[in-house]
Amino acid sequence: MEITPEKLRWLYTTMYRIRRFEEVLLEQTALGKSMGVAHTSDGEEAGPTGICAHLTDADWIGSTHRGHGHCIAKGVDTAGMMAEIFGKYTGLCKGKGGSMHIADFTKGMLGANGIVGAGIPLAVGAALSAKLKGDGSVGVSFFGDGATGEGTIHESMNLASVWKLPVIFVCENNHYAESTPVEYAVSVTDIADRAASYSMPGVVVDGMDVFAVYDAAGEAIARARAGDGPTFIELKTYRYHGHYHADDPHTYRLPEEEELWKARDPLPNFERKVIEQDLMDEVEMERIRNEIDQEIQDAVEFAEESPLPPIEELYTDVYVNYSNSVQGLR
Amino acid sequence: MTTTSRPNPLGPGFDVPGSEIRYREAFNKTLGDELRRDPDVFVMGEDVAGGAGREDLGIIDSWGGAFAATKGLIQEFGADRIRDTPISEAGFVGAAIGAALTGTRPVVDLMYFDFITVAWDQLLSNAAKNRYMFGGQGKIPLTLFARSGVAAGYSAQHSQNFYSMVAHIPGLKCIAPSDAYTVRGLLAAAIRDDDPAIICNHKKLINMSSFVPDESYTIELGKGRYLRRGADVTLVGMSYTSEVCRLAAELLAAEGIDAEVVDMLSLSPIDEDIVLESVVKTNRIVIVDEDTPRCNMATDIAAIVADKAFDSLDAPIKRVTGPHTPVPYSKPLEDAFIPSPEDVVATTKKLLGA
Ligand SMILES: Cc1ncc(C[n+]2csc(CCOP(=O)(O)OP(=O)(O)O)c2C)c(N)n1
Ligand SMILES: [Mg+2]
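Protein chains in written order, with this note's numbering: chain A, 1 to 330; chain B, 331 to 684.
Bound conformation, chain A alone:
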């Protein structure tokens, strides 16, 4: 698939932005700056980047507990994300959500979700709106290998198929659900095989290669926009860190396995290809990296200096309209 020079730069910038955000977040979490649990997605950057490269702010994505990469690829502001995770009032959700609940509706990001499998039907709903309104937008649902054990994925795929909805199911198979290996919990080797049961195309894609993801997503999204219904994309990928910030992955996987995946790291993988084909050079890529390093540094400072939410915020946003007090009894 053709890639414009701008898009190429966007792919690199976005992947590196996700990588840097997650690395710095882990450092900040170790310093006690995050107010809760953080699930990072470094290693998995090529997936959301290659998919969201085809989306605009009018398209919607549904996300998971591991949602930072989805947010960033959808264009969500990293300073607002960092502030949210630091529990600050300037966070995207006023500090009321945290890492597991970041959303930015202005960017078509329907929200990270703390309940495994719960975000999947939301993207189907976005596609239903798109179909009813005929506005040409699509819904993309990101979910993990583990989430395919939940009923919501099966119900959602069938719904999307019988209604021919413009939705793309993106399974980020990072080979683990918490400490549980995919081969223990999932009955098929390629989860994309399940697409056949719901009469939609299912493709297995190298989730460490942003170009492969970009191509597969381009086809699926074009299909959806043309009214030809849903597609299932399985990205074979790997999370570099533990399930959450304090998890030690070596209790359930071998360092040798990690090394094999890291040898296929999406960033050097990209750099090698573009240099070989003379599409970008190292000087430019270094400039991009420096800019992003600065951006994330600024995001941390912004989060750090931002105020905490005022206590009154505890009581806002429960309803649009409600005639009773929502105060606790004292």
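Don't read these hints as lab results, they were simulated from the structure.
Just so you know, not all the hints are guaranteed correct.
Which chain A residues stay away from chain B? Per the calculated CB distances, all over 12 Å, these [what the hints assert, rightly or not]: (1) G134; (2) V162; (3) R330.
One side only, chain B facing chain A, incomplete, derived with CB under 8 Å [stated by the list, open to error]: (4) G383; (5) L387; (6) L431; (7) Q487; (8) P623; (9) T651; (10) Y659; (11) P669.
We put the CB at the ideal spot given by N, CA and C, even for glycine.
Fit chain B with the ligands to the given chain A structure using the hints.
Using the frame of chain A, we list chain B with the ligands on its own:
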């Protein structure tokens, strides 16, 4: 989270061999006892062992459950009885109900209490009703446990106290231990009980310690206990709010107010007698519930008191609860959500006109 300790709950002079251990250790030890005692007992849930299927790589028991609730059990009881599951709560809770109906005694780890909603239909439509609908033919010796409560930035979807939702359902039992001693006795009782029982393990209790006898014992389901005797006012707690009440009573004592603390322990069946006995003596009651205020346990207990001890009351029944909101993430908002000992003290003093 905090570590505190309490004296021997059996009281002075009641010497049995035992030691000061954490809630989670008492829980784990009891699971071990029950698995050893009855070969029909088995445990299942996500990552209850962890790293499943990798014994040949030397990987076993990698997680041992969230908060290490089941750590070490697979080594003794094997992967058949300490069974990791896919993330399929509706499926494996439903399967546990089916297994319980057909001769085994499943103990299911639901991880966070919030996830009960994913399995809710199975609990509501099958576990709660099977015996009744089918005229008493079957029984469901199922025990479910999960971590509940507001703590440490777990936010809106990992912090809820759904015990009133469970207590509302005829056919389900709801158990709310308040320390290491009570979880040991109540878990053993729930596993040996022939009805479906759900045990709420509050996150803030899990790392707290208290004296626990070595020997296995049970605490009768449906019975509360006094955490402190007093004459001026009754404070009622459940799960972590029993600890909140105990702390509040200490603060009140320093101001010359003698509070009695009732620790509910079970929410369905519920010990009406202990609440009524206490309020008949003190004539004033403050019920403390971390849950949101509408249709919660505090409301239910208040109604019992209004109905059965109205004449003994010298002041209105007071409830101290969370707000009618989801649980927020940011620490100051989370702190404002939680009923604190200071909140209980303030409400109690107002009630006493002190
Ligand atoms: C309904 C529900 N069950 C269990 C959990 C606990 N949990 C959080 S993440 C997770 C693993 C998810 O695995 P996967 O879908 O593969 O996503 P990954 O973490 O690998 O990105 C589990 C079991 C949850 N949050 N929600
Ligand atoms: Mg996974």
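(message) Would the hint on G383/B be counted as holding, given a Cβ-Cβ threshold of 8 Å to chain A?
(response) holds (4 Å)
(request) Take a quick look at G134/A and tell me if its Cβ sits farther than 12 Å from every Cβ on chain B, holds or violated. (result) holds (34 Å)
(request) Would you check whether P623/B satisfies its interface hint, that is, whether its CB is within less than 8 Å of any CB in chain A? (result) OK, holds: P623/B within 8 Å of chain A, min 5 Å.
(message) If I take the minimum Cβ distance from R330/A to any residue of chain B, is it greater than 12 Å?
(response) Given that some Cβ of chain B is not farther than 12 Å from that of R330/A, nearest at about 5 Å, it is violated.
(request) Using Cβ atoms only, decide whether L431/B comes closer than 8 Å to chain A, and label the hint accordingly. (result) With a minimum Cβ separation of about 21 Å from chain A (threshold 8 Å), the hint on L431/B is violated.
(message) Over 12 Å from every CB of chain B: does V162/A meet that, or does the non-interface label fail?
(response) It holds; V162/A is separated from chain B by about 21 Å at its closest Cβ, greater than 12 Å.
(request) Would you settle whether the hint for L387/B is holds or violated, based on the nearest Cβ-Cβ distance to chain A being less than 8 Å? (result) This hint holds: L387/B lies near chain A, its Cβ roughly 6 Å from the closest one there, short of 8 Å.
(message) Can you verify the interface hint for P669/B: is its Cβ closer than 8 Å to any Cβ in chain A?
(response) The hint holds - P669/B has a Cβ within 8 Å of chain A, the shortest such distance being about 7 Å.
(message) Holds or violated: the hint that Q487/B contacts chain A, with Cβ atoms closer than 8 Å.
(response) It holds, given that the least Cβ distance between Q487/B and chain A is near 4 Å, below 8 Å.
(request) Closer than 8 Å between Cβ atoms is the bar; does Y659/B clear it against chain A? Give me holds or violated. (result) holds (3 Å)
(request) Identify whether the interface hint at T651/B stands, where standing means a beta carbon of chain A within less than 8 Å of its own. (result) Holds: closest Cβ of chain A sits about 5 Å from T651/B, inside 8 Å.
The earlier numbered hints that this structure contradicts are 3 and 6.
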